[in-house]
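Undergrad: Each chain is listed here by its residues.
Protein chains: 4
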Amino acid sequence: MDEAEKGKIAQKVAKGEILLHQIEKFAADANDEVEIRRNAVAKTCKIPLESMVSKETDYNALKGKNAENVIGMVRVPLGVAGPIRVIGAEFCGDVLVPMATTEGALIASVSRGMKAINLGAGAISRVTEDGMSRGPIFELNSVVDAHRFVKEWLPKNFNKIRAAAEKTTSHGRLKNIKPKIQGNNLFLRFTYDTGDAMGMNMSTIATEAACKYIEDNFAGISLVAVSGNFCSDKKQSMVNALEGRGKSVVAEAVIPQKVLAEVLRTSAAAINKVNYKKNWIGSATAGSLVQFNAHFANIIAAIFLATGQDPAQVVESSSGYTITEVRGSDLYVSVSLPSLEIGTIGGGTGLPTQKEALSIMGVAGSGNPSGSNSRKFAEIIAAAVLAGELNLLAALSTRELGKAHSKLGRNKKQLIRRKASKMQPWL
Amino acid sequence: MDEAEKGKIAQKVAKGEILLHQIEKFAADANDEVEIRRNAVAKTCKIPLESMVSKETDYNALKGKNAENVIGMVRVPLGVAGPIRVIGAEFCGDVLVPMATTEGALIASVSRGMKAINLGAGAISRVTEDGMSRGPIFELNSVVDAHRFVKEWLPKNFNKIRAAAEKTTSHGRLKNIKPKIQGNNLFLRFTYDTGDAMGMNMSTIATEAACKYIEDNFAGISLVAVSGNFCSDKKQSMVNALEGRGKSVVAEAVIPQKVLAEVLRTSAAAINKVNYKKNWIGSATAGSLVQFNAHFANIIAAIFLATGQDPAQVVESSSGYTITEVRGSDLYVSVSLPSLEIGTIGGGTGLPTQKEALSIMGVAGSGNPSGSNSRKFAEIIAAAVLAGELNLLAALSTRELGKAHSKLGRNKKQLIRRKASKMQPWL
Amino acid sequence: MDEAEKGKIAQKVAKGEILLHQIEKFAADANDEVEIRRNAVAKTCKIPLESMVSKETDYNALKGKNAENVIGMVRVPLGVAGPIRVIGAEFCGDVLVPMATTEGALIASVSRGMKAINLGAGAISRVTEDGMSRGPIFELNSVVDAHRFVKEWLPKNFNKIRAAAEKTTSHGRLKNIKPKIQGNNLFLRFTYDTGDAMGMNMSTIATEAACKYIEDNFAGISLVAVSGNFCSDKKQSMVNALEGRGKSVVAEAVIPQKVLAEVLRTSAAAINKVNYKKNWIGSATAGSLVQFNAHFANIIAAIFLATGQDPAQVVESSSGYTITEVRGSDLYVSVSLPSLEIGTIGGGTGLPTQKEALSIMGVAGSGNPSGSNSRKFAEIIAAAVLAGELNLLAALSTRELGKAHSKLGRNKKQLIRRKASKMQPWL
Amino acid sequence: MDEAEKGKIAQKVAKGEILLHQIEKFAADANDEVEIRRNAVAKTCKIPLESMVSKETDYNALKGKNAENVIGMVRVPLGVAGPIRVIGAEFCGDVLVPMATTEGALIASVSRGMKAINLGAGAISRVTEDGMSRGPIFELNSVVDAHRFVKEWLPKNFNKIRAAAEKTTSHGRLKNIKPKIQGNNLFLRFTYDTGDAMGMNMSTIATEAACKYIEDNFAGISLVAVSGNFCSDKKQSMVNALEGRGKSVVAEAVIPQKVLAEVLRTSAAAINKVNYKKNWIGSATAGSLVQFNAHFANIIAAIFLATGQDPAQVVESSSGYTITEVRGSDLYVSVSLPSLEIGTIGGGTGLPTQKEALSIMGVAGSGNPSGSNSRKFAEIIAAAVLAGELNLLAALSTRELGKAHSKLGRNKKQLIRRKASKMQPWL
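Protein chains in written order, with our numbering: chain A, 1 to 427; chain B, 1 to 427; chain C, 1 to 427; chain D, 1 to 427.
In short, the hints are calculated from the structure, not lab data.
The model shown is predicted, which means the values in this text are computed figures rather than measured ones.
From chain A, some residues computed to sit far from chain D (all C-beta separations above 12 Å):
no., residue
1, 4
2, 5
3, 11
4, 25
5, 89
6, 150
7, 178
8, 215
9, 262
As a list, the in silico SDA-like pairs of lysine to any residue whose alpha-carbon atoms are at most 20 Å apart:
no., chain 1, residue 1, chain 2, residue 2
10, A, 175, C, 150
11, B, 115, A, 44
12, C, 355, C, 368
13, C, 175, A, 176
14, B, 15, A, 118
15, D, 175, B, 177
16, D, 63, C, 108
17, A, 355, B, 45
18, C, 15, D, 85
19, A, 46, B, 94
20, C, 115, D, 22
21, A, 355, B, 48
22, B, 55, A, 50
23, C, 63, D, 108
24, A, 46, B, 367
25, B, 43, A, 352
26, D, 15, C, 93
27, A, 63, B, 105
28, C, 178, A, 176
29, C, 55, D, 352
30, A, 46, B, 85
31, B, 355, A, 51
32, B, 212, B, 157
33, B, 25, A, 105
34, C, 55, D, 50
35, D, 46, C, 367
36, A, 355, B, 44
37, C, 355, D, 44
38, C, 178, A, 177
39, A, 55, B, 55
40, A, 151, C, 372
For glycine and all other residues, C-beta sits at the position ideal for the given N, C-alpha and C.
In isolation and in its complexed conformation, chain A is listed as follows (with noise of 0.2 Å):
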């Protein structure tokens, strides 16, 4: 299309003669829909909207599939943290972990928690429960068939609820379901193995195929809703927190106490005690249910929105706990995260800044055996997130120090001063 024809709709869409989401009929490809729409948006808000425009983007690629009504293409600072040394169960190596963030001093900031951990002897890490779940709610007329439903047909009948679910899909394998009875309402988890992609659409479509043979085979019985909040889907949840969701994953390191001084300034007993009395004393008092954790929440973000993961999830995948134990002059470390909902397929990981971002770590797409990849993805996160609690824990720890050593006559002041401006964005 040429420029005045694109000006022309743009112009019918600002005085509202056509709706946003219907320039798709007057243009010849999304490139020019998107370069329409945002024309338009720009006449009505009387802002230019230059920024945005990314001609490197063929947003023929991303209809139907990514967003709708797109009018360009937001900007995110893209950094490598690391490398860090993990010794996972299926990645072992050094790795640089992407990160993008607005947020400054978090990349420099988990960079020197690695630092700290390969001079210890890398990271461990393990993923111990693997699989994606939604959570229908049905409705009975009575406690006494929900009752029977859980003790006798479901039993009974597992293998065709399975089948019927695992016929709408090439990947996923129907692993459990976790029933739950309130009153005459009946909660069934299901869960499933959904190989690389973070599974989320695939375990939708099969729950519903699943809740219709159900319907259609057990009297009496009907759904509410496919998802129930029983998933739990976006949502911090205990249910998430014991059952796992996504990856389960827990990452360790031992922490020799010369790195501790030399590279953290501080010591085990520090940083025990401000994980100890913060992250569980702390969050226990503030009401936190799962997040017994300094900042999980930063590096998953920062490395969700590189490697296009769903932010949304950001929320139940920084559910954590974070242990320490002083051993001997020592420290132990370890981060537990129950519900990393992330993929290597699927989603936002094909866009091509973030599947670039996949790369970096080798986990990009589907992995052999299936699964492997983003198993290999949660074993680096984890141990991502290990490093990022290490070094806030040290540098809150130092504190104490700092005032050791404001009495060997440095300038308190300036100590301070120097830790608030390092400190804060990422506490």
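For chain A, the structure is supplied; the task is to place chains B, C and D on it using the hints.
TA: Just chains B, C and D, lined up with the frame of chain A:
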């Protein structure tokens, strides 16, 4: 710098002779630095990293502010939902809402909810609390000291503490301090008015100064950490839900029966039932503490990403409650977000594309009076969240109506397939 | 012993020459011991302690079993509510429910709820899960060991662990072990079938033996504590709510419109509204995790006290959810109690008055088959809790109707005063 | 009444010709009434009910106050723990603590903890907050009205509301009202000073009057229920933990290394480890919200039962946190109970045996000044809870030492058997 020179340094980095964060010493400016670093990473990983090249970005503007070890820019599709009619205390009018996402159907579905709201009387929106908090933890020798501090010393010295805190900032104002004793530990939750900034940095620096004043003037008190997780930053917590953090905002709408039927193809009773069973019984059963909603996180994450908010704060910003009532045949629906942490200045809001997104809503930069832009923004976000909830509840509830329809001869399979393809991404 | 002799010893105790717990060495039997100790305490405190004298009690039967340093008996009023018609899987019939309480109006109000239920079709009641748990915590050197233990060693050695556990008990049967890894820590939640006993002691002894077997046979694992709070005993927790502890039981009833109007002076819609706003929105707003109910604790505490259950277990036994639905003009109401911890043998159930209370319901002692008495008891308790909830919701909801009535000329003040005097104790 | 006459009426009741609650019409006084009712129940159930006969009880004193449909008295063993040295702000001295329980070993174990505390410097105890709350829920048409109510009307009319509330009570004083908006719903949490009474009734009646004033004077507001579960009564909640309910009380002690070794046969490090792993990591993993302790509920329940407190309030009164620190080789240990709901007048505190139990501690009836008795009582309870926690943590931690001992030749099996028999009942 010429290409050869940059290539030579990149080569050295790839070989490990120069470290990633040392590149800046050899580069002419931040743009060269990014190019060298990206090339070095590409060489190391043996993959081309061409998509993340962003010629339109001046990295000198980001340097030392938004990220470290930068190698390029991540690009995320930016669309607009709406317009939606918002009737706030500070913002009144129709507004397009920018959303950055890679999840297909999200923007379209929020737009459908907005359409239904507009066909009623629009979304009423109110900021009920406003303030950013930081919650340090102190230790004392005994509860006797902690008790005396809270009952006697703190009220008597509040003004001096405030003066110490406010000396660090031109915009921040200390509103109150909420104390909480746990044994010999003492949490103090400082809450500030931070104008149009989200205000986390400002609050931390001010609180550090306040802590120093306290330590200098109350014998035997000692700061353990300036963040004691009683803030609670980047974590969900009941203290945030009860006291508020950032903006506490509520939006509501009445959807007439006719609009429910024609736009959303459902009824007030059907939506009300899904909301009760899914968002309340379901979340309670799952053990969610502050997310009695369907998918606040989806809308919050997309707007945060579009406008340069901190994506790690999606965690607590997506806390909240969806309440429905059947009023005759109409539907009353409200969303309450106790801890929406946003700003229109600072952080990532100044990046070019993010600033444009804020400009679409007319809330970029400092408002007049200070704070008004961020409150307008809060009113708009709550209205968008309301639209997202309304639409998803409606979509889920059609399952009910769907069954009725299928009796009238419509193809049930088709219906389910259609819903499946529409619904999964943003459940 | 003669009185003079006892008096002499009491005198010595009062002077501190003999310690309270040493009295047993000087007393002929437990009855003398109690008398001496009470007299000594009375002398020390300079108050007569005559009311607590209990001539009908043979302290020899309690000695070494139910309490130490005994000085008498506390007496609590025992009433009966009902009868209520219970339609359980194990108990069917009309039953009086003994309740011990000092809170006026509680028994009367539960009775009113029972009357309304009986005028419908009675209370349907079902035990959906049954098992007592104990959750030790272990530590290992690394998550690698914990992971290997859970994935390989535990499934392979489950039968041996079970054998070790069951060797300690004639009644207990190990049903399953739920593992949970936190860093290098490992929680194992053992669940047992414990017949008609509440089973906490049995479960602890069996679990200690199992832990010993594990420590002896898996290198590097070390028990930290046989109770790691993952049980969770005498605490509310989501693991109890999701997995059950003791009996998980649900009771439900449909209350016809006529009964609502005539007995409870309210309507299905009015009760449904109060239930939604108070028990769901209210509890969520307050930050209650597993008590989306009005006053389960009142009924549970009174029955526990009457029947010799452990009153500390009122804490988690009062967890649960009240769900209402309007069905035409009738009301469907259910209560779900996930962790009702009760027994009909052991603990305080063998004391004379407590055993009589159990006998009133026909559930004293061991059932045939074993376990049937405690499940019958669970069905009855849930029905009583249902009655208590129904009545309180009805009473609160008359506030609505009350306003309507006052328009018809009734004195509003009187109405409120009347309600006040009736309602407060058991809200 | 003569026996024949009473027998005749009992017969009629057993046949259903007279209802249980109608007996009072035919009985000369409450004592006869109880006898008739018990006989009727005995006939109906075909069991003798002789143990519950209590000749020493004058049922006329209970009638219309403490229970309905009374058939006798339940008897529970009453022992004393201690003495314990309490160093409170209101109570200073050594005190025996009455505990009613049927769980063997509980009193003995609390006593051992008390002994250890006494051999240090005693238990320091402080009430940090004091006030009873009632939290009604209102509805309005719109959040606009709710917002206006909270921001404008409530502060302006607080004194009038207070006057309306206080008119109903001679002792209660309204301290503050905490509002919380949820959509068009409004919670108001009224907190009162209630002197020496637990104060729930007083608070409800006063709040009903306040609600009436509000409804009469703010157009469009309507009370849904005088208890909206934002109180939170007989439920655990974060609002209770953060704001306090009843007494918020903290007790602490330092236990010298020598005492740890000789009395408790453990060390500061061993106890500290068990506390961290069990009470903090364990409770967090289980999903407990406000019970980061080992067994507060055991001590609370036994004291409540002994002294006529409301046993349903054991639920939230057992909320709290146990914190330990290693200080050199000594142990610092504290317990924080945010919502201990107790009274020394009213409820069951006036019953003969319960009053004697209060008298043992010198806190029966009204204090001078009013409120001082209940605060003294709170200081004592917290000290007893501290003793119970200390002892249980010590017992669990000897598992560690036990292993060391067994290397020195002691029989491991014996050790475990001994511990098993000692430890189970009160874990």
